[in-house]
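Next come the chains, spelled out residue by residue.
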Amino acid sequence: MKHPARWIAASVGAVVVVLGVILALNVGNDPQVESQKNHLLGQDAPALNLPTLAGPRVTQDDVAGKALIVNFWNTWCIPCQKELPALKAFYDAHANDPDFAMVGIVRDAQESKAGIAQYVKDKGMGWTIAFDPGSQAALDFATRGQPETFAISPSGRIVGFQLAEVSVPNLEKMLSFARGQT
Amino acid sequence: MKAVLGYAAIAIGASASVVGIAALVAGLRMHDALLLRVGRRTVFVVLGAAVAAAGIMEWALISHDFSIKYVAENNARGTPLLFTITGLWAALAGSILLWALILGGYLAFVTHKFRRRADDALVVVATITGLVVSLFFFALMLGPANPFTTLATAPADGRGPNPLLQNHVLMAFHPPMLYLGLVGFTVPFMFAIGALVTGRFGEGWLTDTRRATLVAWGFLTVGIILGAWWSYEVLGWGGFWAWDPVENASLLPWITGTAFIHSVMVQERRGMLRVWNLSLIIATFCLTILGTFLTRSGVIDSVHAFTESDIGPWLLTFLAIVAITGIALLAWRGDRLRSPGRIDSAVSRESAFLVNNLLFAALAFVVLLGTVFPLIAEALRGSRLSVGEPYFDRMTTPIGLALLFLMAVAPALPWRATSGEVLRDRLLAPAWVGGITMVVAVVAGARGLAEVLAYGLGAFATAGIVRQFVLGVRGRRRALGESRTVALGRATRSNPRLYGGLVVHFGVVLIAVTLAVSSSYGAHREVRLARGQSATVSGYTLTYLGAHIDRSAQKTSISAPIRVARGDHVLGVYAPAISTFPNSTEGIGTPSVRTGVVEDVYLTLVSSPTKGGRITLGVRVNPMILWLWIGGGVIALGTILALAPRLRRRVRPVPIAEHRAAGTEPAPEDALEPVPSEEVPA
Amino acid sequence: MKRWAPWAVLAIVVAVVLVIVAWPGGGKDAGARAHDLAAELKCQECQGLSVADSSAPTSVAIRADIKRRIARGESDAEIRQAYVDRYGEQILLSPEGSGLGLVVWVLPVVVLALGAAGIWFALARSRREPRLHPTAADEALVDREREAHA
Chain A
1 MKHPARWIAA SVGAVVVVLG VILALNVGND PQVESQKNHL LGQDAPALNL
51 PTLAGPRVTQ DDVAGKALIV NFWNTWCIPC QKELPALKAF YDAHANDPDF
101 AMVGIVRDAQ ESKAGIAQYV KDKGMGWTIA FDPGSQAALD FATRGQPETF
151 AISPSGRIVG FQLAEVSVPN LEKMLSFARG QT
Chain B
1001 MKAVLGYAAI AIGASASVVG IAALVAGLRM HDALLLRVGR RTVFVVLGAA
1051 VAAAGIMEWA LISHDFSIKY VAENNARGTP LLFTITGLWA ALAGSILLWA
1101 LILGGYLAFV THKFRRRADD ALVVVATITG LVVSLFFFAL MLGPANPFTT
1151 LATAPADGRG PNPLLQNHVL MAFHPPMLYL GLVGFTVPFM FAIGALVTGR
1201 FGEGWLTDTR RATLVAWGFL TVGIILGAWW SYEVLGWGGF WAWDPVENAS
1251 LLPWITGTAF IHSVMVQERR GMLRVWNLSL IIATFCLTIL GTFLTRSGVI
1301 DSVHAFTESD IGPWLLTFLA IVAITGIALL AWRGDRLRSP GRIDSAVSRE
1351 SAFLVNNLLF AALAFVVLLG TVFPLIAEAL RGSRLSVGEP YFDRMTTPIG
1401 LALLFLMAVA PALPWRATSG EVLRDRLLAP AWVGGITMVV AVVAGARGLA
1451 EVLAYGLGAF ATAGIVRQFV LGVRGRRRAL GESRTVALGR ATRSNPRLYG
1501 GLVVHFGVVL IAVTLAVSSS YGAHREVRLA RGQSATVSGY TLTYLGAHID
1551 RSAQKTSISA PIRVARGDHV LGVYAPAIST FPNSTEGIGT PSVRTGVVED
1601 VYLTLVSSPT KGGRITLGVR VNPMILWLWI GGGVIALGTI LALAPRLRRR
1651 VRPVPIAEHR AAGTEPAPED ALEPVPSEEV PA
Chain C
2001 MKRWAPWAVL AIVVAVVLVI VAWPGGGKDA GARAHDLAAE LKCQECQGLS
2051 VADSSAPTSV AIRADIKRRI ARGESDAEIR QAYVDRYGEQ ILLSPEGSGL
2101 GLVVWVLPVV VLALGAAGIW FALARSRREP RLHPTAADEA LVDREREAHA
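Chains as they are written, first to last, in our numbering: chain A, 1 to 182; chain B, 1001 to 1682; chain C, 2001 to 2150.
Do not take every clue at face value.
Said to hold, decoys possible - Computed list of lysine-lysine pairs in DSS-like fashion (alpha-carbon distance at most 27 Å, straight line): (1) A/Lys88 x A/Lys113; (2) C/Lys2028 x C/Lys2002; (3) A/Lys121 x A/Lys88; (4) A/Lys37 x A/Lys66; (5) B/Lys1611 x A/Lys123; (6) A/Lys37 x A/Lys173; (7) A/Lys121 x A/Lys82; (8) A/Lys37 x A/Lys113; (9) A/Lys113 x A/Lys82; (10) C/Lys2067 x A/Lys113; (11) A/Lys113 x B/Lys1113; (12) B/Lys1611 x A/Lys82; (13) A/Lys121 x B/Lys1113; (14) A/Lys113 x A/Lys123; (15) A/Lys113 x A/Lys173.
Quick caveat, the hints were computed from the structure, so don't treat them as lab data.
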């Protein structure tokens, strides 16, 4: 009988070849890209029901049938501060569209509610600002950090997402996605 | 200027490798001594080239020559000298340069050591193999991993090293030690290929490389333990091993390398397990290359991963060539690798080593599978899944416990076959020590299955080790009347492999027990403290003394001094910090650890002081961590002991017949050396 | 029989200890459950840490959410599923025991079993074959010597 070394060598060789092919296929991929995706893309967005800075809660009724932009932010992270001008410009351009809604959800361990209210006033953030008690909305949207921005179609589906600061072109693109879908 | 010189040095190294390979191949085939000599000399040219290139890079770093891209990316004017020097291995291209340098050193050492056997085909083929590997690494530096690329305009100041790499003095030790280990395994690999090609797969190639293998293994073990220490002291997440893909990449060759250094004992003694040994060392070398690939190709997400480059396909191709060549050679020589000996009994030292090989192979398989499985899942399904600590812990713990059991039992097993009586003499008492330890542990409150088994098996192994030492000392005292210390010294030095190995095993026991304890006990809390406030965790009182800001050219640090006290006894002030470096937006946390014999108090600054002056302090109480580092030190000592030369007597003893004729008595030191009952000096 | 006695007693002692230790005790308390679940989820903002070990804001939020879910009476499996629904399978650090994940649990066991079987057969084969085959000349030699010294 041939020495079993040949059989073992053949099977090990086969495994090595398979492993090599898999590694070769993966060489081009960037695992970081994976972590930039959002698992809920294409699925229904979680229903909104949050207390706002202004007082009355924002609920799903307020945003039903509208193209919705949801932006998670806080007062201290540098990209959040950097994207503020873009958000303001974008909001000002679309504030009067009947089918448009924008909600900023703030999760901030460093500032009190009064501090956040002052910040919002100082920066002139005109859109609905909501709090996220217990970070429930952040988890329901499967966020991974801040800032994070979502585009939601009028039928309630998440159609766009960006983890990182947004620019006006980004936002416009997300809005057109939201409107293009029903 | 420096860049040109550096690149030239690399080109010289590559060409010298080519010349060497050609000369040696031709010299071997034509039996031409001159060509063989030329081939050997090129090895020293390769070393010289590597030294020159590394020297030029260090010169560029120390002189802050930012016209060279590598220096601009990994050094800044404010970088302290130590981290300027360690910048040589701070990023990908430099790490390849370090690899080439160490490889050149090993090759030169081997060539020098075997200079009297320069025409021996085994040595020549081994040298050719070594030069092929060095050619590959120099070619990498000529191509995708060029450390001497220049910038069109030199910036005024460099970016500085990655903040994590300029935080701790371990940066000077962990990578070089790791590389000394990983690269060192090239030496037995070279000789294994030599043995397969020349057909001389007896024990010659093992004996030739025994010391080098042990040195490489020692460095790799210490390098991995230093890596764990780094993870603990620098990264600040509170643990020392995360089963991160790059950590696994260094562990895999260690696993097969450890199997190898044990399995070769069977081949030395009985000529068996040849295929295992050749396969293990080829696998070890392949795993070092695989590890290099995983770390540098950007394929796997890891805290360690070097920045991406095009180096991936090169490494993968080289790995494929090496693996397929090794497997092909083994398949070709398969029939002739049959050994003359047979395993006589299931309970014998040989079969214990065979089971040892199987367990280590299974361990390597588990770690490899878990590490690459996310890639496999992605290739098959398009989405990744994660394989992390819970998987690895659950799968490796049973194997680890089985290995611990073997470690306790195998050194006492005789070769070939044994009887119940011998087993009872050698194993019963240590086994009872283990059993009683388990009872004591359970009575003291331990309730984890793996934990209690670890204590029992660890005690079993330790009792066996102590027994061996006691027997060795007692034998010498009875026969030669030496004092205990002298007997101990002479006994260990007359059989350094045995006693060195036992010391290493004891270090392993220390680490195993510490792993068991630290995974079962410990506390973790986060507390918010204002200045002057205290909190109590696990009996320690922690008082926040107020933040402190330090600015230097290198970094800005906010530190939070915390007074740690146990009851009334103040243990000291420890200051975890968050540092920001000029060229990075994120802060890097630095933990502060109060190391104790029984447990560590591990403090991290989770968030810097808020407007109200409150900090969030992370507190962990980690039991017995110090014993990990002590265990590592014991392993290092044991390895050094095992490498020591055997004590040989200088004076030729006078034969008894001569004494009888002259009417004299033989001197005590001329009496036959008593041999411990189970170990015949090899 | 007497030879085996000390071993047998030791075996019994060890078995008793192991049974005591492995006996399924009371269920985990809420804190332990929360910690164990957090250790099984991957931090979404870090490199390779678990939610239990990380201080990132998302991880802090997840730990608090796990505690709330346990208080609401959700089972471990339900909590894990809730997170898989949101973040995808990659959030589990320990692959599920079904589908592709099963491979990573079963394959090492299979490999180990095959290896052990291989060693078993190798040992058995080496014991079945006699070590030496006496040739006719050997037999004749033995007979001659026997007669010479009978």
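Comparing the hints with the structure gives:
no. : hint                  : verdict
1   : A/Lys88 x A/Lys113    : 21 Å, holds
2   : C/Lys2028 x C/Lys2002 : 44 Å, violated
3   : A/Lys121 x A/Lys88    : 13 Å, holds
4   : A/Lys37 x A/Lys66     : 24 Å, holds
5   : B/Lys1611 x A/Lys123  : 19 Å, holds
6   : A/Lys37 x A/Lys173    : 17 Å, holds
7   : A/Lys121 x A/Lys82    : 17 Å, holds
8   : A/Lys37 x A/Lys113    : 31 Å, violated
9   : A/Lys113 x A/Lys82    : 22 Å, holds
10  : C/Lys2067 x A/Lys113  : 24 Å, holds
11  : A/Lys113 x B/Lys1113  : 75 Å, violated
12  : B/Lys1611 x A/Lys82   : 21 Å, holds
13  : A/Lys121 x B/Lys1113  : 78 Å, violated
14  : A/Lys113 x A/Lys123   : 15 Å, holds
15  : A/Lys113 x A/Lys173   : 32 Å, violated
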